[in-house]
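**Student:** Residues per chain, in single letters:
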Amino acid sequence: MQRFRLCFLVAVALIFGASSLYSYNRDMQVVSHVSSTIKAIGWASSELELELLKFDLALTGLAADMVETEEVELRFNLLWSRVDTLLVGEENRPVREQPGVLPMLESFKAQLALWEEPIYSLSSDDDATIAAILQGLSEYRAMAREINVDTFEGESVWRQLDFIQDIRHRSNLYLVGLMLSGLAMLVLLLRENRRNWRLAYQDLLTGLPNRVSFYDQIAKELEQAARQQSKFALYMIDLNGFKAINDSLGHEVGDRMLQEVAKRLADTIGQQGLAARLGGDEFVVLQRLSTHEGPESMAALLWQSLSREVEMVDGNLTPQASIGISLYPDHGETKKALLSNADMAMYHAKQSSGTSVQLFEFGLNEPRLRRQKLALELEVAIEHDHLELHYQPIFDLEGDALESVEALLRWNSLEFGVINPLELIEVAEKHGLAPRLNRWVLLTACRQLQRWHLAGATMLKVNVNISPSIFKGDQLIPTIREALASASLEASALVLEITEDTTLWDTAGSLDTLQELRALGVEIALDDFGTGYSSFSHLRHLPFDKLKLDKSFIDDLASDPRAVSLIRTIIALAESLDMVVTAEGIEVEQQRTLLNELGCHLGQGYLMARPMPVDVMEHLLFGRFSYDHRPV
Amino acid sequence: MKLVVAATPVRRPLIRIAVGAWLMVTGSLALAVDALPAPEGRVVLTVTGNIDVTNTDDGRSAEFDLEMLSALPQHAFDTETPWTEGRHLYRGVLVRDLLKRVGARGDSVRATALNDYHHDIEMDELRQEPFLLATHRDGVSLTVRQKGPVWIMLPLSDKPEYSRKRYIDMLVWHLTTLNVK
Numbered sequence: 001m002q003r004f005r006l007c008f009l010v011a012v013a014l015i016f017g018a019s020s021l022y023s024y025n026r027d028m029q030v031v032s033h034v035s036s037t038i039k040a041i042g043w044a045s046s047e048l049e050l051e052l053l054k055f056d057l058a059l060t061g062l063a064a065d066m067v068e069t070e071e072v073e074l075r076f077n078l079l080w081s082r083v084d085t086l087l088v089g090e091e092n093r094p095v096r097e098q099p100g101v102l103p104m105l106e107s108f109k110a111q112l113a114l115w116e117e118p119i120y121s122l123s124s125d126d127d128a129t130i131a132a133i134l135q136g137l138s139e140y141r142a143m144a145r146e147i148n149v150d151t152f153e154g155e156s157v158w159r160q161l162d163f164i165q166d167i168r169h170r171s172n173l174y175l176v177g178l179m180l181s182g183l184a185m186l187v188l189l190l191r192e193n194r195r196n197w198r199l200a201y202q203d204l205l206t207g208l209p210n211r212v213s214f215y216d217q218i219a220k221e222l223e224q225a226a227r228q229q230s231k232f233a234l235y236m237i238d239l240n241g242f243k244a245i246n247d248s249l250g251h252e253v254g255d256r257m258l259q260e261v262a263k264r265l266a267d268t269i270g271q272q273g274l275a276a277r278l279g280g281d282e283f284v285v286l287q288r289l290s291t292h293e294g295p296e297s298m299a300a301l302l303w304q305s306l307s308r309e310v311e312m313v314d315g316n317l318t319p320q321a322s323i324g325i326s327l328y329p330d331h332g333e334t335k336k337a338l339l340s341n342a343d344m345a346m347y348h349a350k351q352s353s354g355t356s357v358q359l360f361e362f363g364l365n366e367p368r369l370r371r372q373k374l375a376l377e378l379e380v381a382i383e384h385d386h387l388e389l390h391y392q393p394i395f396d397l398e399g400d401a402l403e404s405v406e407a408l409l410r411w412n413s414l415e416f417g418v419i420n421p422l423e424l425i426e427v428a429e430k431h432g433l434a435p436r437l438n439r440w441v442l443l444t445a446c447r448q449l450q451r452w453h454l455a456g457a458t459m460l461k462v463n464v465n466i467s468p469s470i471f472k473g474d475q476l477i478p479t480i481r482e483a484l485a486s487a488s489l490e491a492s493a494l495v496l497e498i499t500e501d502t503t504l505w506d507t508a509g510s511l512d513t514l515q516e517l518r519a520l521g522v523e524i525a526l527d528d529f530g531t532g533y534s535s536f537s538h539l540r541h542l543p544f545d546k547l548k549l550d551k552s553f554i555d556d557l558a559s560d561p562r563a564v565s566l567i568r569t570i571i572a573l574a575e576s577l578d579m580v581v582t583a584e585g586i587e588v589e590q591q592r593t594l595l596n597e598l599g600c601h602l603g604q605g606y607l608m609a610r611p612m613p614v615d616v617m618e619h620l621l622f623g624r625f626s627y628d629h630r631p632v
Numbered sequence: 001m002k003l004v005v006a007a008t009p010v011r012r013p014l015i016r017i018a019v020g021a022w023l024m025v026t027g028s029l030a031l032a033v034d035a036l037p038a039p040e041g042r043v044v045l046t047v048t049g050n051i052d053v054t055n056t057d058d059g060r061s062a063e064f065d066l067e068m069l070s071a072l073p074q075h076a077f078d079t080e081t082p083w084t085e086g087r088h089l090y091r092g093v094l095v096r097d098l099l100k101r102v103g104a105r106g107d108s109v110r111a112t113a114l115n116d117y118h119h120d121i122e123m124d125e126l127r128q129e130p131f132l133l134a135t136h137r138d139g140v141s142l143t144v145r146q147k148g149p150v151w152i153m154l155p156l157s158d159k160p161e162y163s164r165k166r167y168i169d170m171l172v173w174h175l176t177t178l179n180v181k
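Which chain is which? The protein sequence lines are A and B, in order.
Heads up: the first sequence at position 9 corresponds to 9 in UniProt numbering, and the numbers run straight through without jumps.
Heads up: the second sequence at position 145 corresponds to 145 in UniProt numbering, and the numbers run straight through without jumps.
Hints listed in this document are in silico derivations from the structure and should not be mistaken for laboratory results.
We treat Cβ as the ideally placed atom computed from N, Cα and C, and that holds for glycine.
One or more hints might be untrue.
DSS-like cross-link-like pairs, simulated, lysine-lysine; straight-line CA separation at most 30 Å [claimed, not checked]: (1) A/K373 with A/K243; (2) A/K220 with A/K263; (3) A/K336 with A/K263; (4) A/K54 with B/K100; (5) A/K373 with A/K263; (6) A/K109 with B/K165.
Cβ-Cβ distance ranges computed for the label pairs, FRET-style [what the hints assert, rightly or not]: (7) A/P103 with B/P82: 21 to 31 Å; (8) A/A128 with B/N50: 47 to 57 Å; (9) A/L14 with B/P82: 31 to 41 Å; (10) A/E146 with B/D169: 25 to 35 Å; (11) A/V88 with B/R42: 18 to 28 Å; (12) B/R127 with A/R191: 54 to 64 Å; (13) B/D169 with A/P103: 27 to 37 Å.
Only chain A is shown next, with the shape it has when bound in the complex:
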């Protein structure tokens, strides 16, 4: 492509130069033609005068008996021919066009015709005739002379000659102008070409090769390494907290930092390879390695070069970088594999504390790969209802009646088997699937509850867990409305369990959401109470209906009198704030008895019932016999 362009440019330049020269030559030709035409006209005109004179001489000679009549006739004919030459044809048109010339020529021609007969019958004795002709001739001689002088010596000739000279000058100027503009055009074209090339292959901020250029380079390196059976290392370098620098100190500082980093990387790698900027604060260095050389020393050099302070106008900054390394051919033989593995190692370095350089190793990418695969599968699972809700009953501790059920998400992945709900939530959150997952859970739980209501369990409620991130978004209320509407369910039958999270409760928007939910009629339970950081002020300000005591409190209940006092106090506090307390994780009878004695209203746990699938739950709810809700 580049070669084609160059050829094209050369061709353009040649054509331009050739046409310029050609047009210059044309100009010169025209000028010389015009000049020679003028000369020819001058010649023709002066010839007329000459023939007139010769004829005159012949006649005079005849009168003096010194010339034969044949000579007179010949001179007459030559004069006739000369007049014709001036009267007819293209060559002497300019002469005829001179003022006064054509009438003179025509009248002279007529006069010649009148003389023809006398001339041919002339003898040396006809003195009178000869004198008459000579007399007539002298008029024409005078006229011819006058025209000759006027036309070819007068001002107009000088003007014409000046004009021609002027054309010559201008042609020279045009040529110089054409050549200069052509040259300028060529220079501009070449520059533009170069600029385009730079734009396409160079990172403008740092001057390093850009991503496209680096991809080209690494392809070449791969080819060469494969041919020579040599190896090379890829260092993927990412600055830690660069976004914060950009955000807090401004892009100018950020750019300055990137330029410095680029310079240091390029200096450090030198002739051993090349450095490029892939984008943002992401750099890559390629180092050609000899057979027994490892990447460690270069990694250390790179890291050290970056750890030096960068001088800024308002003080110094110390960049911190994470470096991930992959080796050819050990860690991959394609550009994609090598880059992705170096990237993986870099992320690993970034995420683990204390390590800033990480050599890729197989297995490093497994958790990430698993998460990626899970995310893809989860998306499909939500779409096709491959997820499942299990339900764990919550009982009234006093009368053993079933108060509500907590919907718990279960997923049996095709590839990875049963997935831990915590991992499931993490994957959903990291890959932006949380809102859709949340919607699926709400819709499914509400519809299931409605079915149970219709089957007779009219007082049953369902508890659904909502993660804080969903709570912060603006989709929660619409989704709840949709779920309730689609199941034709009373809002009071839905309990939202929200874990305590101080950042959540401190935002004004969250409080609004909470108020709106309350207004809707949905109950709200503060989940896992006691594990987080919720302060008493939260309990005072926020409109919770229920408080779920974390399992950790319950575990120690039988053995620790202080736990008993704590729970008694919490229950009293909750009661005074109009909250109902639910105890989580009741596993032994003694705990249940104690909680009941302490005044705890509701409880759930393996002692009473484990989470169960829908059909078992239905058996529990509608079994013909008085159901045994203990674990089977």
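Starting from the structure of chain A, add chain B where the hints point.
**Tutor:** Just chain B now, kept in the frame of chain A:
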């Protein structure tokens, strides 16, 4: 347009016969060895200088009357000129044929006119280009008033190159002498 016609004067110039010019070459080869008879009519062209064949008493020149010129291989073309109106058919003997007839040897030929105009033409050029010693226009012999009796002519209309000043200057009218140098 070029055409070769018989030695007799062309009476119907509009009949244009496109026959190969090579016919003349064989003809002129045969003529070269013959001695040249003396002119009977009025001399219209004299060839002087380095020539082998002469017909004058001093043996230095070859003189031609119109009849002798017409007896040589005839060549004709019609063309426009800068000194005439319209196309006309010019006929006569080619300069190269005439030079061959008189056994001319030299580098150039000076063509001189009745009005003492003269122009030198390279021999090579005379051999390569179809310079015609036109004696007839549209079948009628050229008078002095019509730039005759002999007018060096080129087929100007056939080849734009002939219209350059260089060639135009070679088209000597009122031709009277060819001096081979």
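**Student:** Does each hint hold? Answer for all of them.
**Tutor:** Hint-by-hint comparison with the structure:
A threshold of 30 Å between alpha carbons decides the hint, and for A/K373 with A/K243 the separation of about 28 Å falls inside it, so the pair holds. Under the criterion of a C-alpha separation no larger than 30 Å, the hint pairing A/K220 with A/K263 is consistent with the structure, at around 23 Å. For the proposed pair A/K336 and A/K263, the alpha carbon gap of about 26 Å is at most 30 Å, so the pair holds. A hinted pair counts as satisfied when its Cα atoms are at most 30 Å apart, and A/K54 with B/K100 does not qualify at roughly 36 Å.
For the suggested pair A/K373 and A/K263, the alpha carbons sit about 39 Å apart, so the restraint of at most 30 Å is broken. At most 30 Å may separate the alpha-carbon atoms for a hinted pair to count; A/K109 and B/K165 meet this at roughly 28 Å. A C-beta distance of roughly 22 Å is found between A/P103 and B/P82, which places it inside the suggested range of 21 to 31 Å. Separation of A/A128 from B/N50 is about 51 Å and conforms to the stated range, judged on CB atoms against 47 to 57 Å.
Distance hint for A/L14 and B/P82: a CB-CB separation of about 37 Å, consistent with the stated range 31 to 41 Å. Evaluation of the 25 to 35 Å hint for A/E146 and B/D169 yields a pass: the beta carbon distance comes to about 28 Å. Distance hint check for A/V88 and B/R42: the Cβ-Cβ separation is about 26 Å, which falls inside the suggested range of 18 to 28 Å. Roughly 57 Å separates the CB atoms of B/R127 and A/R191, a value that falls within the hinted 54 to 64 Å.
Between B/D169 and A/P103 the beta carbon distance is about 30 Å. The supplied range of 27 to 37 Å therefore holds.
The structure shown violates the earlier hints numbered 4, 5.
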